[in-house]
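Dock chain one against chain two, each of which comes alone in its own frame, and use the hints as you go.
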Amino acid sequence: MTDMRQLYQEVILDHNRKPRNWGAIPGANRHADGHNPLCGDHIKLSVNVRDDKIEAIAFEGHGCAICKASASMMTGAVKGKAVQEAETMVEEFRSMATGTLDPDKAEHHLGKLKIFAGVKDLPSRVKCAILPWHTLHAALHAESSISTEGEADPVPGTAIGGQ
Amino acid sequence: MKAGTMNIDKIRADFPILGLQVSGKPLVYLDNAASSQMPQTVIDRIVRYQKEEHSNIHRAVHYLSELATKQYEDARIKVQHFLKAKESREIIFTRGTTEAINLVMHGYGRAFIGKGDEIILSALEHHANIVPWQMLAQEKGAVLRVIPMNDAGELLIDKFEALFNEKTKFMALSHVSNALGTINPVKQMTAFAHRHGVPVLLDGAQAAPHQSLDMQDLDCDFYAFSGHKMCGPTGIGVLYGKAKMLEKMQPYQGGGDMILSVTFEKTTYNVIPAKFEAGTPPIMAAIGLGTAIDYLNGIGLAKIEAYEKELLDYATERVSALKDVRIIGTAKHKAAVLSFEIKGVHPHDVGTILNEDGVAIRTGHHCAQPVMQFYGVPATARASFAFYNTRQEIDKLADGILKVQEMFS
Chain A
20 MTDMRQLYQE VILDHNRKPR NWGAIPGANR HADGHNPLCG DHIKLSVNVR DDKIEAIAFE
80 GHGCAICKAS ASMMTGAVKG KAVQEAETMV EEFRSMATGT LDPDKAEHHL GKLKIFAGVK
140 DLPSRVKCAI LPWHTLHAAL HAESSISTEG EADPVPGTAI GGQ
Chain B
1213 MKAGTMNIDK IRADFPILGL QVSGKPLVYL DNAASSQMPQ TVIDRIVRYQ KEEHSNIHRA
1273 VHYLSELATK QYEDARIKVQ HFLKAKESRE IIFTRGTTEA INLVMHGYGR AFIGKGDEII
1333 LSALEHHANI VPWQMLAQEK GAVLRVIPMN DAGELLIDKF EALFNEKTKF MALSHVSNAL
1393 GTINPVKQMT AFAHRHGVPV LLDGAQAAPH QSLDMQDLDC DFYAFSGHKM CGPTGIGVLY
1453 GKAKMLEKMQ PYQGGGDMIL SVTFEKTTYN VIPAKFEAGT PPIMAAIGLG TAIDYLNGIG
1513 LAKIEAYEKE LLDYATERVS ALKDVRIIGT AKHKAAVLSF EIKGVHPHDV GTILNEDGVA
1573 IRTGHHCAQP VMQFYGVPAT ARASFAFYNT RQEIDKLADG ILKVQEMFS
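Residue numbers (the working numbering), protein chains in the order written: chain A, 20 to 182; chain B, 1213 to 1621.
Hints are all accurate, no fakes.
In silico contact screen, one side only, chain B against chain A (beta carbon under 10 Å); selected entries: (1) His1558; (2) Pro1559; (3) Asp1561; (4) Glu1568; (5) Met1584; (6) Pro1590.
Simulated DEER-style distance windows between Cβ atoms: (7) B:Gly1236 with A:Pro56: 31 to 41 Å; (8) A:Gly95 with B:Glu1373: 51 to 61 Å; (9) A:Lys37 with B:Asp1525: 39 to 49 Å; (10) A:Gly42 with B:Asp1525: 43 to 53 Å; (11) B:Asp1221 with A:Ala43: 55 to 65 Å; (12) A:Lys124 with B:Gly1236: 19 to 29 Å; (13) B:Gly1231 with A:Lys37: 39 to 49 Å; (14) A:Trp41 with B:Gln1462: 48 to 58 Å; (15) B:Gly1236 with A:Gly99: 36 to 46 Å; (16) B:Gln1462 with A:Asn48: 55 to 65 Å; (17) B:Gly1236 with A:Lys100: 32 to 42 Å; (18) A:Gly118 with B:Gln1346: 29 to 39 Å; (19) B:Gly1236 with A:Arg39: 26 to 36 Å; (20) B:His1545 with A:Lys100: 50 to 60 Å.
These are calculated hints, taken from the structure and not from any lab test. Ideal placement from N, C-alpha and C gives every residue a C-beta, glycine not left out.
For reference, chain B alone in the conformation it holds in the complex (with noise of 0.2 Å):
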């Protein structure tokens, strides 16, 4: 099958896990939005690191610790390029997304918000970019103040500019909504935070993988995400930050290379990024994410954004023409996420049903309590579309969602 000038064929051949049976049925992995799969040159390129380069970095004058040391800063290259950023040094390897964010709120946070100050954050974050703020702010006195949005899952612009006062001090907003694919301004909205001296955090879990990302472009302060939801593996994520951000904060972890010098009266800090990778980082797995984004960019970002933006038009068309099916999160701008909700079925059991058919999904509150709450739903059921996805695929979740209906009927 062709879509475009992508031969998915050819695509899903590199992904073993995609071969997979599950309840004796040909896995349908439509759970990209918690974790995506990851194609056999990254595995290779893992492999490859353990068996023939790997040693700690930044350390040793041996061989394997020259070697694994260039690999590792090859990899933050890479990442480098992949975001646009103006300096490799701009590129912290974290343990995912939710360390990239607290990074953030103890090394800048607790150094320049204080008692009384605000923090700006939206009605559709992931529980990951609000409770770091909300212990800031417990600990600080400061405030948060919430972006609201609309029934689709919008965010509500006028009310977000009147949120800016001489308090605001600082914004926390994803990119893309991980419970209902909601695709936020962005960019217009950091430009109108700036305008009011504001830094902007952008969490980017969802964004990474599923369109091309530039930092000079959208000019955020920091920007945050996770190699294991764009074919890379876990225990591996980005935080981007403008060098003077980053320079001016404070570590966020004491420990090994993130020193210069250490006596036990004083130890002075090394210089960015180091200062905020304290102990040995996850060196393999910062490799394995350079060799995904190398595998992205094989592909091409743009074309894997037009092929999701076309799996997701063809779900939401067979998911809403079913009866008693509500499409939660209908922005007009969406990434490839399909939240739904089957009257009188609850998720868990709609997830369960299904994966009797070899389809995963995920159903429960997404780490998103708060959208759940807006919609007056415990949990949603949710499939998320990656570009190895066909719309065969597709049919079988809404073959899947007929027979969960026909059960409960």
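Chain A extracted, bound-state conformation (with noise of 0.2 Å):
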């Protein structure tokens, strides 16, 4: 749990309040819409790739400090990677937030990203987390939009409804 707060002040808040990689860029090959109908949270990637490689990427939507940070840090991270670098990224990403990977004992390539594993603890916010990165991911596999309730649901379950 203090990871939480570790994870609040040093970095998150940081990118909630100056997000790297803000906006859209024009003449972008590739799109997607990310949705989270529980939280509101909504983000909107342009990515730019060629011969392979992500040249430019930029976001822009609304949501919670958490998925704002994780998309601004994840833009930064994969600008200038393969595509099939930034996917094994999308699955080691994945794996830390619900848990089946241990950045500080198993290998990735996932850098800084490590700061947010504490998200696991805290089911309810691990889709706001992941959907920057689902997003990617279907910007990369030509999908226009994604939303974490359904198939892609890293936390079935989890739902925040109810009273």
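Laid out in structure tokens, this is it:
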């Protein structure tokens, strides 16, 4: 739980206040919309892929601090990477956030992104952190929209609803 | 600490979970509108039932079955008295408020509402009192009409009255809004609907734990609520229905207990309430609910209501004094629910950070997305109080909000 506080204090709030790669890329050749209907998080991603490489990437939208920081850091981390490398990171991030990959024990390519490992203790926030990554996956696969519900649900049964 | 004639320390000691530490801090449980906590007496009653009294009911002639049947039926009578219903057969046990509303939709709605007919709902309904009626409207070609509200979260009574016409066949209305806390003038609204010959269902999920109820005074045709929001177990709820309404309704589910006789050609349905209680009911939960009612009566619902009003007034004063915090839902008549928004901070971040200090609030759309759309927010943070909460806990909530603002500044 102290991890969560550190997560907020050290990194997330900085990216929440000053999101990197904010906006849209004119003429981008890949786009996707990510939506978490339960929180109202909404990420619009535009990506330029050339020669199998992510040449440029930007995002805009609205959401909680965890979602925005995850998107901001993700765009910084995958810029310049090969599509396949980015896909590997999507998989690794997903595993880390859902608790199946321990970034201090297993090998990974997430670098600083490992600070998001703390969300695994808060199932209701896992979706916030993963949404940008799902959206990236969709963009790279030419899917136009993605929702955190249904088949792409990283943590089924954690829907935030009810009274 | 004493508040009026309520000994809060003594009451808190009745709830074992209130002694819990969360994130290394004492739990401050402010999510009572979602589910309340259970006193030891209810826990003990459930354990005793399972250890000494359990069997299936209404079936066998042996000792345990007779005993369990009696306890289950006694719980029904406790609910009858709690609601001041005329007869115990007007009390149907359901799985919760949602199932109670669905029961009315199926049993009454599908039989008596048809193409072009109109159903009146309000702008502050919980999804459980929207979606069943929408399903019915889709199936039958009926139309939903929505009572609008003002910025405070109060229904507009003149607009409400203007919705009625000869096509109006039903009204489904929340007694107290779960997202905003608004207490609707349901008695007057029910009387108005009745002048147009329109039956009324009241969703009492948020009202039942916080005030005394009188079905003869309200005169509604149906009233629905849940056990787990009033110190009882989950898995049990109540549908009150006037006997003459329940009698003319279609059964909801088919199965054992709801029949008098079955052949492959024809089934004769049982009388109420059995007609609506197909299969083995949640016996343990019903008995637990009966004990929860005893517990609440022991404190006194009038005292509970007065004390919770004090808590709400104090919380409203504390939170509205904070900079950049907007209280959402400022109706004149409110139950102890405080929905709010901190400028520039998503409610889920608020909830996560408060949790670090052991403060449990609800964040999200509260299953009332139309309410969120009205206020132009994706979600709110909501603190909801029960009679076991204290002013010190509200201070912790206010401190927590300040901490959130500090972190995000």
